[in-house]
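Undergrad: Given next are the chains, with one letter for each unit.
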Amino acid sequence: MSDEPATSVKEKETPGRRMLWQSGVLIVFAIITGLLINQVRTDGLALVATADPDVSNEEGAAGSLLLTLEEARRLFIEKEAVFLDARSPKYYEKGHLAGARSLPLEAVETKTFEVLADVPRDAALITYCDGKNCVLAKRLATTLREMGFQNVRVLANGWTRWVKMGLPTEKGSTGNAS
Amino acid sequence: MEKNQDRKPKKLDNPGQEGFVSSCMIKDTQGRYGIRPLFITARLLLGIVFLYASFDKILHPAAFADVIVNYRILPDVMANLTAVVLPWLEFFLGMALLIGFWLPGAVFLCNLLLITFLGTLLFNLARGLDVYCGCFDTTIRDGSHAPMAWYVIRDGLFLVPGFYLFLHTFILKRKQDRTGLS
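Going down the list, the sequences are from chains A and B.
Just so we're aligned: 129 in the working numbering is position 129 of the first sequence, and the numbers increase by one with no gaps anywhere.
Each position in the second sequence, counted from 1, maps to that position plus 178 in the working numbering.
Treat the hints as calculated values from the structure; they're not laboratory data.
Glycine included, each C-beta is placed from N, C-alpha and C at the ideal position.
It is possible that part of the hints are untrue.
Residues from chain B that keep clear of chain A, each with C-beta distances beyond 10 Å, as calculated [to be verified]:
#1 214
#2 216
#3 277
Just so you have them, the derived chain A footprint on chain B, three or more residues with Cβ under 8 Å [as the list claims (entries may be wrong)]:
#4 237–243
#5 253–265
#6 269–275
#7 281–292
Whole structure, please, built from the sequences with the hints as guidance.
TA: Have a look at this one:
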């Protein structure tokens with residue numbers, strides 16, 4: 001004969017019901033903890049976006065590596081800059097800024113002088129990739145500067161913004177480093 | 179008082195309890211099930227995975243926010259909030275699994291997160307988006323990372339202990355309740 005005590009209301013609670021309230025409480029704990037910690041830490045994130053998500057705050061600022069879309073457009077129209085696509089060749093072939101050359105970041109060590117053989121060291125170079133937080137273009141620009149190309153700027157989130165503005169693009173491997 | 183002389187769990191022999199799941203279940207004369215070693219192993223494994231996953235994201239929320247944006251699933255305005263909250267949810271889930279606290283809720287949320295992560299990876303793989311998985315390391319690489327298929331397989335493997343815990347916590351428990359064993 002069983003000696004088990006009578007079950008209480010709490011013990012009769014089904015796993016499903018427990019799952020619901022426990023999940024809710026865990027989520028609430030995470031929200032409260034996350035927000036509190038974010039508030040007190042020095043590198044806390046802004047929870048409310050106030051700026052255009054496509055545009056970086058650094059753009060156009062004095063001494064900034066980033067240039068504005070308008071400036072890039074002007075340089076494109078006046079053919080005063082060479083545009084470099086920092087993405088992988090797969091994405092370059094799917095679509096790139098008209099006339100841009102492919103120089104993937106992963107190939108910068110081996111392909112730079114081949115891609116830029118006809119470009120003087122003081123020529124204006126503009127690197128771009130896709131996505132506001134894409135780091136490929138910035139890293140490519142930094143590397144090119146270290147290699148002696150001093151006039152290098154970055155068009156942040158270049159591909160998306162260029163397409164949004166309806167500016168000229170093309171597809172295929174034209175200008176690709178072979 | 180009846181003395182329990184049988185301390186060893188024995189195979190379940192009740193009619194109606196046949197099948198693969200039941201054959202894995204053993205109970206002793208006290209009605210206790212003897213599959214705890216596997217259950218505990220799965221709990222510890224998943225708990226450690228979630229704790230480990232949370233650390234880097236808690237330490238570097240901005241980098242994690244960048245990863246979220248790169249996945250191009252959530253609106254950008256939600257990236258920061260998600261980067262602030264999600265790591266702590268992973269932390270609490272990891273702790274709950276390790277301690278064995280609030281397991282129904284923890285197991286449910288763990289599986290929900292794993293399925294969500296796997297789903298977003300598969301979705302991005304299908305649409306050809308080359309995004310580095312921010313699961314354990316929020317450093318955005320320069321393209322020299324493992325193929326996304328590797329992360330799909332890895333996250334899929336994490337679902338094995340997850341589903342096992344879910345099965346044990348909800349379905350086997352239900353069977354236990356139906357047989358009046360508690």
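Undergrad: Now tell me, hint by hint, if it's right for this structure.
TA: Hints and how they fare:
No beta-carbon of chain A is positioned within 10 Å of the beta-carbon of residue 214 of chain B; the least distance is around 17 Å. No beta-carbon of chain A is positioned within 10 Å of the beta-carbon of residue 216 of chain B; the least distance is around 18 Å. No Cβ of chain A approaches the Cβ of residue 277 of chain B within 10 Å, the least distance being about 13 Å, so the stated non-interface status holds. Coverage of the stretch 237–243 of chain B by chain A holds in this model, with 3 residues showing a Cβ closer than 8 Å to a Cβ of that chain against a need of three.
For the stretch 253–265 of chain B, the stated coverage by chain A holds: 9 residues have a C-beta nearer than 8 Å to a C-beta of that chain, and at least 3 were required. Taking a C-beta to C-beta cut-off of 8 Å, the stretch 269–275 of chain B contributes 4 residues in contact with chain A, enough for the three needed, and the coverage statement holds. Residues of the stretch 281–292 of chain B with a Cβ under 8 Å from some Cβ of chain A number 6, which satisfies the need for three, so the listed coverage holds.
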